[in-house]
Amino acid sequence: GTVVLRLVIARDGRLVDVGIARSSGVPSLDNVSTSMVRAAGPYPPLPDALAGAQHIFTLPLYFKRSE
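With our numbering applied, the sequence shown corresponds to residues 91 to 157, in that order.
No lab work stands behind these hints, which were simulated from the structure alone. All C-beta atoms in this analysis are idealised placements derived from N, C-alpha and C, irrespective of residue type, glycine included. Treat the hints with care, as some may be off.
Per label pair, the in silico range of CB-to-CB distance [claimed, not checked]:
| # | residue 1 | residue 2 | range |
| --- | --- | --- | --- |
| 1 | Pro117 | Ser156 | 17 to 27 Å |
| 2 | Gly103 | Glu157 | 20 to 30 Å |
| 3 | Asp138 | Ser118 | 36 to 46 Å |
| 4 | Arg96 | Pro134 | 13 to 23 Å |
I would like the entire structure built from these sequences, with the hints used as guidance.
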């Protein structure tokens, strides 16, 4: 399945917000995706090339079930 997340990261690397931009159609997969992103923070500070106090990222995550 594929879930697309919308992340808002502050200049200092803090995760400001995470939401589902496009659901995988499997609620448990969507939930674990947002949980992984929250657990992975804080993130590195934003590079100088990205202007502003925060930046929005669109992150597609692809999952494949192993059998």
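Comparing the hints with the structure gives:
1. Pro117 x Ser156: 17 to 27 Å: This hint holds: roughly 21 Å between Cβ atoms.
2. Gly103 x Glu157: 20 to 30 Å: 37 Å, violated
3. Asp138 x Ser118: 36 to 46 Å: Holds: the Cβ-Cβ distance is about 39 Å, inside 36 to 46 Å.
4. Arg96 x Pro134: 13 to 23 Å: Since Arg96 and Pro134 have Cβ atoms about 19 Å apart, the given range 13 to 23 Å holds.
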